[in-house]
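Engineer: Protein sequence lines correspond, in order, to chains W and H.
Be aware that the first sequence starts at 247, since it is given in my numbering, and climbs by one per residue.
Be aware that the second sequence starts at 13, since it is given in my numbering, and climbs by one per residue.
Honestly, the hints are just simulated from the structure, not real lab data.
The C-beta atom is built at its ideal place from N, Cα and C for all residues, glycine as well.
Incorrect hints may have been included.
Ranges between beta-carbon positions, derived for each pair [claimed, not checked]:
1) W:GLY341 / H:ILE131: 54 to 64 angstroms
2) W:GLY543 / H:GLN184: 33 to 43 angstroms
3) W:VAL351 / H:SER354: 29 to 39 angstroms
4) H:ILE131 / W:ALA281: 33 to 43 angstroms
5) W:PHE408 / H:LEU49: 48 to 58 angstroms
6) H:ILE131 / W:SER394: 33 to 43 angstroms
7) W:ARG439 / H:VAL278: 48 to 58 angstroms
8) W:GLY391 / H:THR179: 37 to 47 angstroms
9) H:ASN67 / W:PHE440: 54 to 64 angstroms
The calculated lysine-lysine pairs, modelled on DSSO-like cross-linking and capped at a C-alpha distance of 30 angstroms, are [unchecked claim]:
10) W:LYS366 / H:LYS353
11) W:LYS366 / W:LYS517
12) H:LYS353 / H:LYS244
13) W:LYS368 / H:LYS244
14) W:LYS366 / W:LYS437
15) W:LYS437 / W:LYS517
16) W:LYS581 / W:LYS571
17) W:LYS571 / W:LYS517
18) W:LYS517 / W:LYS568
19) W:LYS568 / W:LYS581
20) W:LYS517 / W:LYS368
21) W:LYS571 / H:LYS244
22) W:LYS517 / H:LYS244
23) H:LYS244 / W:LYS568
24) H:LYS353 / W:LYS368
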Amino acid sequence: MTTPNLKSNRSQVLPWIDRNRIFLLFFVILAFMTAFAPRFFNPFNLTTIMSTTAMNACVAIGFSIVMISGQLDLSIGTVITLAGIIGLGLQPRFGYAVSVPVAIVAGCLVGLVNGLLVTKAKINSFIVTLGTMTILQGVVYQSTGGNSIALSTPVAFSTADFLGKKLMPLVTPRILVTLALVAVFELVMRKTRFGRNFYMVGGNRNTAWLAGIGSDAYIIGAFMLSGLTAAVGGVFFAMESAAATQNLGTNSLMYVMSATIIGGTAMSGGKGGVFRSFVAILTLEILYDGVILFGLGNEVKIFLAGLILALVVLYEAYAVYKHDKVVGQRPYLLKELAEAGVKKG
Amino acid sequence: MEDKLKTTDGRSLRSGSFMRFMIVVGIYFAAALFILLGAVLQATGVIRGFLSVQNFINIIDTVSMLGIVAVGMAFVTYSGNMADMSVPTTMALTGIVAVQMLQYGFWPAIGIAIVTGLIIGMINAIVIGRFRANPIIWTLAVNYVTMGVIRLVWVNKQIYPDTVASTAGVSQSFDSIYRLNVVQHIGGNDLLNIRLPMLMMLILVVIGQFVLSRTSFGGQLKMTGASFRAAKFTGVHVESVIGLAFVVCAFTATLGGLAVTSLSRVGAWYNGAGYDFRAVTAVVIGGMTLAGGRGSIVGVLGGVLIIGLINNIMTLLGIPTLSQDIIRGAIFIIVVGINAKSLRSLGRDDT
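Working from the sequences, and respecting the hints, build out all of it.
Structural biologist: See below:
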């Protein structure tokens with residue numbers, strides 16, 4: 247049986263725009279900044295944008311996967327800080343060959359704890375990650391005494407130079423790591439069964455259960471990936487910049503969450519993608535970069551970041567609200583009645 | 013009448029008043045255990061100065077602002093919307109607005125601050141009550157926007173009551189929001205240092221408890237929190253009930269913000285930082301479930317006192333404030349875990 251095709255052109259264009267809004271937004275903002283922002287479109291500034299996004303883009307990979315699985319991870323900010331501090335703090339004694347894997351494993355462990363508490367102890371993910379966030383804040387403070395950890399050895403300085411060196415236009419090794427991770431996870435999430443199952447678990451847990459997917463394993467996996475990417479982002483950022491500070495990842499939660507939601511990853515799970523979040527991070531960074539280039543201060547950037555997040559959340563909620571109002575209505579029946587000459591009411 | 017409300021297997025739909033009473037007793041019993049722990053630590057000579065009237069008054073004094081905020085947060089949790097994450101910057105914004113408006117006198121400043129707080133509450137009420145936005149993500153977004161507003165308007169600056177206020181008297185009145193000794197004020201001696209926030213906390217707890225357990229709004233809030241759909245189909249105007257909970261939360265956050273700003277004598281964007289997590293912790297330790305519709309304000313007061321005792325004992329043990337977060341976070345997760353587990357074993361888990 248075929249359903250009556252009564253969709254007008256308008257109703258096909260709008261959803262298309264909505265689906266691809268992040269790409270349209272990216273080009274609009276890029277074009278605007280290229281046209282109007284002073285000193286925007288030059289290799290130096292574009293490389294700056296890319297390397298500023300490198301950390302948050304990396305963190306957004308895991309955050310998106312957690313959101314796709316229908317959960318929320320508030321602990322990413324402190325995982326970034328923790329990873330940076332472990333990565334730099336252990337380096338003088340053991341070298342990067344040990345400290346970087348340890349930092350990444352620590353991120354994974356935080357994710358594992360989050361995942362176990364969410365699935366096995368059945369605590370809401372918001373609460374669990376709020377708790378682990380607080381605990382990690384304490385751990386970071388306890389381990390550093392409130393100080394930041396600076397680069398100290400020649401190896402560390404040469405590594406920092408290497409990570410910031412331009413291999414080709416726009417690409418430094420650290421950006422390359424992020425791009426590679428985005429590419430790998432985008433492919434995994436789109437093309438493999440393992441990746442698609444995250445969407446299933448987030449979209450409808452009962453369906454996933456009926457399809458024989460162990461939801462718990464996937465949710466634990468999502469949190470571990472989130473911890474992993476946050477740790478990778480944090481540790482590489484700390485390695486390239488001069489020091490790992492107490493508030494390395496403080497603002498990341500806001501930026502990453504805004505970007506993920508703007509990118510079209512649904513708050514309720516089951517929708518979205520890694521590449522979309524990456525484009526959204528890039529779009530936001532171009533916008534913030536432009537704000538600074540226009541000569542406006544950091545406070546404008548913070549205000550704008552919050553405002554954009556609020557507007558997108560409001561738009562999404564309003565769209566669902568409107569959809570819920572007409573759900574169950576069958577427009578083609580109304581149209582049939584209208585054609586048959588029956589007046590409404 | 014109400015006792016006839018039973019499920020098919022005979023369980024009462026009302027968690028009986030005895031049961032509720034026992035939960036509250038349990039919370040205060042836990043508080044008593046912490047006092048006992050402190051007493052044992054003092055008796056063995058590990059800590060000093062725990063068992064004294066002055067110390068207990070200090071404990072209540074330190075958590076009084078948390079208590080004020082937690083009462084409002086409890087309304088949001090009770091309504092099934094988990095938490096209002098916009099509390100920290102609501103406190104900061106209302107505080108800094110009040111300080112800025114001191115140039116027009118004391119009462120206008122308080123009035124404008126309260127209106128500011130209520131506006132934030134109304135915005136949350138409309139978006140979450142009517143459009144059903146995800147409460148956590150929306151209030152986080154509001155938190156960031158409010159932070160941006162403060163940063164933008166005051167350009168990263170802090171402002172001080174004594175430099176802004178029109179007269180020294182106005183600045184002094186603002187300082188006394190936190191410092192006013194109530195006992196002394198009404199003519200008693202100044203030995204007992206009961207400050208205004210403590211009194212505000214107690215009054216809010218009494219009002220909050222009355223509203224939740226004795227008014228129709230409280231009943232509707234309970235029903236909305238326990239089951240949104242059931243409440244909606246019963247004819248409860250869920251939009252305004254949830255909205256009102258957020259307005260109440262913003263109002264108490266405003267009072268808390270005024271007290272915190274008065275305490276620190278500075279209006280700044282970081283006032284109130286951390287109050288979101290601490291208030292949720294107090295609410296959860298106080299026996300309110302995050303699923304909504306269960307718990308009491310008296311219990312939340314118990315939760316606030318337990319937090320105060322834990323902080324006090326940790327400080328007396330010499331643990332740095334920021335490192336205390338490790339223990340606070342762990343207690344938070346453990347309490348929620350036990351709560352969720354016990355509810356599940358009772359068959360009352362509806363998350």
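Engineer: May I ask which of the numbered hints given earlier this structure violates, with the numbers listed in increasing order?
Structural biologist: none
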